[in-house]
Amino acid sequence: MTGNTNLHEEPSYLIDTGKRKGIMAWLTTTDHKRIGLLYLWSIMVFFIVGGILGETMRTELFKPGQQFYGPQTYNAIFTLHGLIMIFLIVIPGLSVVFGNFVMPIMIGANDVAFPRLNLFAWYLYILGAAVVVISQFTGNGPPDTGWTFYAPYSTQTHTNVIAAVSGAFILGFSSILTGINFIVTIHRLRTPGMGFFKMPLLPWAIYATAWIQVLATPVIGITLLMIIAERMFHIGFFDPALGGDPVLYQHLFWIYSHPAVYIMILPAMGVITEIIPTFCQKQIYGYKAIAISSLAIAGVGYFVWGHHMFTSGMSKEAIWTFSLLTFLVAVPSAIKVFNWVATMYKGSIDLKPPLLYAIAFIFLFSIGGLTGLIQGALATDIQVHDTSFVVAHFHYIIFGGVGFAFLGAIHYWYPKMFGRMYNIRVANVAWGFLFIGFNLLYFPQFIIGIEGMPRRYFDYLPQFTWAQQISTIGGYILGIGFIILIVNLFRKNGAKATSNPWGGKTFEWQLPSPPPMENFATPPAVPDNPYDYD
Amino acid sequence: MYGASNFVEGVDWVFKLLFGISFFFLLLITATMIYFVVRYNRKRHPKAIQVKDSTALEITWITIPIIIVLFLFYYGYAAFQPMIWVPKNAMQVKVIARMWQYSFEYAGSKVANVLVLPLNNPVKLNLHSEDVIHGFSIPAFRVKEDVVPGKNNYMWFTPQKLGEYEIFCTAYCGVRHSYMGTKVRVVTPREFFTWLKALKVASPEPEGLVILKKNACIGCHSLDGSRLVSVTFKGLYGKTETVTTNGNERKVKVDDEYITSSIYEPDKDVVVGFSKGVMKSYKGIIKDDEIKKIIEYLKTLK
Chain A
1 MTGNTNLHEE PSYLIDTGKR KGIMAWLTTT DHKRIGLLYL WSIMVFFIVG GILGETMRTE
61 LFKPGQQFYG PQTYNAIFTL HGLIMIFLIV IPGLSVVFGN FVMPIMIGAN DVAFPRLNLF
121 AWYLYILGAA VVVISQFTGN GPPDTGWTFY APYSTQTHTN VIAAVSGAFI LGFSSILTGI
181 NFIVTIHRLR TPGMGFFKMP LLPWAIYATA WIQVLATPVI GITLLMIIAE RMFHIGFFDP
241 ALGGDPVLYQ HLFWIYSHPA VYIMILPAMG VITEIIPTFC QKQIYGYKAI AISSLAIAGV
301 GYFVWGHHMF TSGMSKEAIW TFSLLTFLVA VPSAIKVFNW VATMYKGSID LKPPLLYAIA
361 FIFLFSIGGL TGLIQGALAT DIQVHDTSFV VAHFHYIIFG GVGFAFLGAI HYWYPKMFGR
421 MYNIRVANVA WGFLFIGFNL LYFPQFIIGI EGMPRRYFDY LPQFTWAQQI STIGGYILGI
481 GFIILIVNLF RKNGAKATSN PWGGKTFEWQ LPSPPPMENF ATPPAVPDNP YDYD
Chain B
1 MYGASNFVEG VDWVFKLLFG ISFFFLLLIT ATMIYFVVRY NRKRHPKAIQ VKDSTALEIT
61 WITIPIIIVL FLFYYGYAAF QPMIWVPKNA MQVKVIARMW QYSFEYAGSK VANVLVLPLN
121 NPVKLNLHSE DVIHGFSIPA FRVKEDVVPG KNNYMWFTPQ KLGEYEIFCT AYCGVRHSYM
181 GTKVRVVTPR EFFTWLKALK VASPEPEGLV ILKKNACIGC HSLDGSRLVS VTFKGLYGKT
241 ETVTTNGNER KVKVDDEYIT SSIYEPDKDV VVGFSKGVMK SYKGIIKDDE IKKIIEYLKT
301 LK
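Keeping their order, the protein sequence lines are chains A and B.
For the first sequence, the residue numbers in my numbering are 1 to 534.
For the second sequence, the residue numbers in my numbering are 1 to 302.
Hints were generated in silico from the structure; no laboratory data involved.
One should not assume that every hint holds.
[As the list claims (entries may be wrong)] Quick list of the computed label-pair ranges, beta carbon to beta carbon:
1. 158/A with 194/B: 42 to 50 Å
2. 483/A with 287/B: 51 to 59 Å
3. 158/A with 150/B: 18 to 26 Å
4. 264/B with 233/A: 17 to 25 Å
5. 158/A with 66/B: 46 to 54 Å
6. 32/B with 465/A: 35 to 43 Å
7. 236/A with 207/B: 25 to 33 Å
8. 66/A with 257/B: 31 to 39 Å
9. 465/A with 19/B: 22 to 30 Å
Ideal placement from N, C-alpha and C gives every residue a C-beta, glycine not left out.
Here chain B stands alone, though its shape is the one from the complex (with noise of 0.2 Å):
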């Protein structure tokens, strides 16, 4: 019985060894406890009898959990040491991390959503940052490394079995953190050559959409209509929207003069249902041609 990846038997084994030995540490402490405070209860044993230190005794439990502790070291790093080395065969994927999505792009500039790996194939997953760090982990599998900005942090693994697993991201990085999850799943080599092949070759984004992915708008106003943090950028160029300003509620178009000022004036307009203080001022970090750039994009959203 396999693992779902190669680290799962040596690093459970591990698991299994300190909670063998915590278990027992806790229960012998626990227990004995237990036992004086019922056995010398002041009901039961009214004057304390005085007992000397022991030199012997208090070398003996000094010496033994020192010799545990660098035993249980010695395993912890013994299972850990083979996620460092990574077999030369390995196919390499770039796992791109910005706020608030994964994405995957494998040779020839083939960019996925979704982590597909063929079965008992090494992986090296080349880790890099948009932004802030993030935490590219995979529980099933046993392994986990930060995403750092500007680092060229990096795992590897052979997923063992087939199936659909969970992928988190576990450093703290804003607003929608929880979910900037998404899978890997792992398919037969057969499969995952036809997935490749009919995988498409990301095509040169837009420049707008490419502003926007740099100062992180998507993640709040999302590409698709969905409602994120802030309203949605499909279809948005040339809607009338309801918007609070200084208290009184109007009607505005959204134009080129309306986005100008939502960018620069984030809490001047703000549409209803939706909270002031939540976007900065983008003054002086997007300029005047990238704006109208985004608007040339935002005009394709429909």
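Just chain A, same shape as in the assembly (with noise of 0.2 Å):
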């Protein structure tokens, strides 16, 4: 804390000035700039595995009968599919990385509240994540239960679930202690001036996440422990053999996982809500609506689980009961979207990656979100229900939703987190081939989910070849989408990056690209609207 030292003249966050250099160097980081990165390089890591594990099942499923692995090996592939993308990907996904790099610099914060405690949920994350990949290569074969664990599959199945559990308890650890400490962050370390109703969205939407985060992440770390007693030591909870109720199972699995949907999503919103003011020169439309809205569906997201479940014999009272709450879940995700498109009004919109992804975002979180009020819908729902409409309404959130969002983070914080720009054109074309891609893949499963074709097939009726055969180009399309994305952002060759490139309000702007390892000299002036374009 020197006072007015010049904040060009301090060396960026990404040269090692300490002790340790190179890799050790990040090994040991404690600063929330570089955690960051650690889990961008980790997920990117994990998502470009995941990402082939789904192309070879596309690829089986071109046509029906067995074309290149048989039943058993597709089971654990969509099975290590399932826990990667999930787990290892979109519940930690945005929030430890762009919740780590920007927030606290968005609320005026030097670091964390916790460095350390930060640095161990990475830790965390990483043993968890090789203990799921030991799991695939140890015991009686990889995991062949689906990512949901349902029992008393299994608890009955010889795969080797308790390592895969095991791997996602762990996991979950990671996530409580991320989402405590961005509570405490947000709580304590708001630059003096800065009011809750003062700060930009995306900390509002971190914030909200992470509440979802230690709440409802210690009720699957207790469901987790509950298969592994009940295999090792055959206590009854799920399987009717011993005593259980394997209902039960799926109540407590969706008590968390349902609102592990939310948190997946609320930092995405989050993202989105700072790219559209940047990109249209626009303060926000709506900012309390958004930010309240982003603890309405934190608050009312606990209480939709159950329809997971329309199918299960659950009593008529909580099936309605939890239809009822499924569509009021949906209003506060519509007054962001309706914001968002009102932001753009009468702005000067400028059509960069970011806020392609950002448009491309809302169109395909809009599909995804209106095809989950015909799964909310009882009569509807009984015919989808564990179909491929299913499949294609989850992917068209999470993927279409969270990792869109993702990859327009990527675009728009890229300038600041390494200090150069990107091939403009080159990454526009990627944007072309993932958004077409996607939607050649996701779609046709929407029109046979309807038509009746389960979810979770190795093989299928001849029927429904056009649509599997249209999803997999699409899938094919996808890939190259993304293996320009890639090339395109590791090229070095790039211009330098000004401090502001796209012209954005928040406080990560008036900072150096890259910033400096400690963010402010002197604690920044805090407008009264985060968003002031005036």
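Assemble the dimeric complex from its two separately framed chains, guided by the hints.
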């Protein structure tokens, strides 16, 4: 804290200034920006693995019958694909990467509240991931339960369920610690003068997310331990043969795993809320409505888990209650969509890659949300439950929503993170491939889902072939899009980035690109309105 | 024009309503975004005009979605509700689900592998699982319910059209999940009674077969000579197989000793052409006297 030091003379956070150099400096860092990047690299590696697994499934499903691997392998692969994508990528996802990298800067802090705990959470994440990887190569073969571990199948199958479940358990702890860290950071480290309603909206979204992480994650931890207890000691919780109840498992699982969907999507919404004002040069429309709708989603989102279980034989009272609450949780999401679109009105719109991703997000997330209504409505849910309609729906939310928001976020903060620009034209081309490939891949699954094509099927009836083939081709186009995107971001020949290439108003754009290790030499002045474009 | 079941019309109406509303909103949002991007493009509109929040507008777009979703909830519930209340005159059929096959038990313990039903007669299916959760789905009838072990789940409907329709298992249940399908055949009442009369009463199964079914052996080892995940039981006893033991191939005659060791240590001698690590050890699960009964049964599978 040296007072009036000129910020631009401080070395960037990417340069090692401490005792340790190179990789050791990164593995022992407590800087929130570096930890954000550690997560970014790990998530990228896992995403490539999960994506390749997905492409092999699409190839296997190109024709009915067996192409190049059998049903047991297929079941293990969709299980691992789900485990990786859910637990290693989208649940931590935007929150750990951008929550770490920009959230503290946005509230004018120099780091998170507990920097060492932050690093410890990353190590837990890596440990959990390692245990999931080990589960694939040890015991009686890779787990084949699906990422949902439904009992009593998961308590009976001879595959290596215990290791995979332990991995998910450890990852849960990482998530809880990050949540606590962010809650305390936002409560205690906002720069003097920044009230809650003067905060930018990404920190708001991260805040709502963190509460879900802290309150909901312990439930899945306990549930996973119950599976282990049932498998190892034959304590009957879920298996009726041991006196348990299989539907109890589903309740416990979804009490966490439905709010987990909001852990994924809320930070994505936060990112979109940052991108749109910058590229429209407009104040966000309905600041308070967006901030409070995040809390509303987090709150109501706890009470809708039963909509995953309309065919499980729950009481009819439970069924209609969960249906009603599910419809209500759609409202705050709709409010956000209206406010984003309204922000574009009379703006000065610059259609750069981050905004392209934001617009794609709104389109794909709307399709995901609206098809969610079909599953919220009881009569129609019975028809589409456990079909490829559901697969399409949650990929529209998680990939079209969270995934596209993640890519938008990378293209938005990339110059800040690395201090240089990427090729805009190539980025646009990659976006085109991803957008077209994505829709070709998942949209046909809605149609055959309504016709009855069940999910998690290794083989299918010939009448579904046309859609499966379009999906597979879409999957390859999507893959090409990712290759272009990654190559573009890794080419190190971009121009040096200025401190504020997009004309953003939040604090990170007042720091040099890349920012110095110690973000702010003096606390930044807090504007009344974080998106003041007047 | 009737649907294939009494629920088709109601459910499809809700589908159309939801698709109509969804399409309207998607089009509205997308068209507005595209219009703004073109109309307010920076080239054409270099300076943004700041707009103040309007409370009236916020309240409007909070209230309208609430009203719409309440209506949608109601219509979804209204078309679902009749699925719960079973008419008293419904014919009862017990659906038995096990890895990875459905069978249907009619009155008088008559068992079939295809669900045959008389036209225009309400039917109640009592769903019974012998192992894990399965999902009983007849898409053409718009019905689906999980078959949960230990629970008395059910479904009912009235078939309204002659024909044959697919039955799927929709709840993931293991290696042959995607093959756990069969058909429902809707016939005239006269044909139905002729068919039912000819249907055999399920004879008490040999004890060995009961044990094989209980432990889900026949999910991977077929009884009819077809190749599933592993070798078929048909004609297995007394046959000479080539197996891999510790990496070396050798010939072995399938006798009492080999069968016992295959159940207790499945990975010790693996028949060439099949994989290790697929089957778990049944040590402590299948007892010695049960193995004897299995062997007696296998001897009959010529």
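Taking the hints in turn, this is what the structure says about them:
| no. | hint | verdict |
| --- | --- | --- |
| 1 | 158/A with 194/B: 42 to 50 Å | 45 Å, holds |
| 2 | 483/A with 287/B: 51 to 59 Å | 57 Å, holds |
| 3 | 158/A with 150/B: 18 to 26 Å | 21 Å, holds |
| 4 | 264/B with 233/A: 17 to 25 Å | 22 Å, holds |
| 5 | 158/A with 66/B: 46 to 54 Å | 50 Å, holds |
| 6 | 32/B with 465/A: 35 to 43 Å | 37 Å, holds |
| 7 | 236/A with 207/B: 25 to 33 Å | 27 Å, holds |
| 8 | 66/A with 257/B: 31 to 39 Å | 34 Å, holds |
| 9 | 465/A with 19/B: 22 to 30 Å | 24 Å, holds |
Violation of the numbered hints given earlier is absent; every hint is satisfied by the structure.
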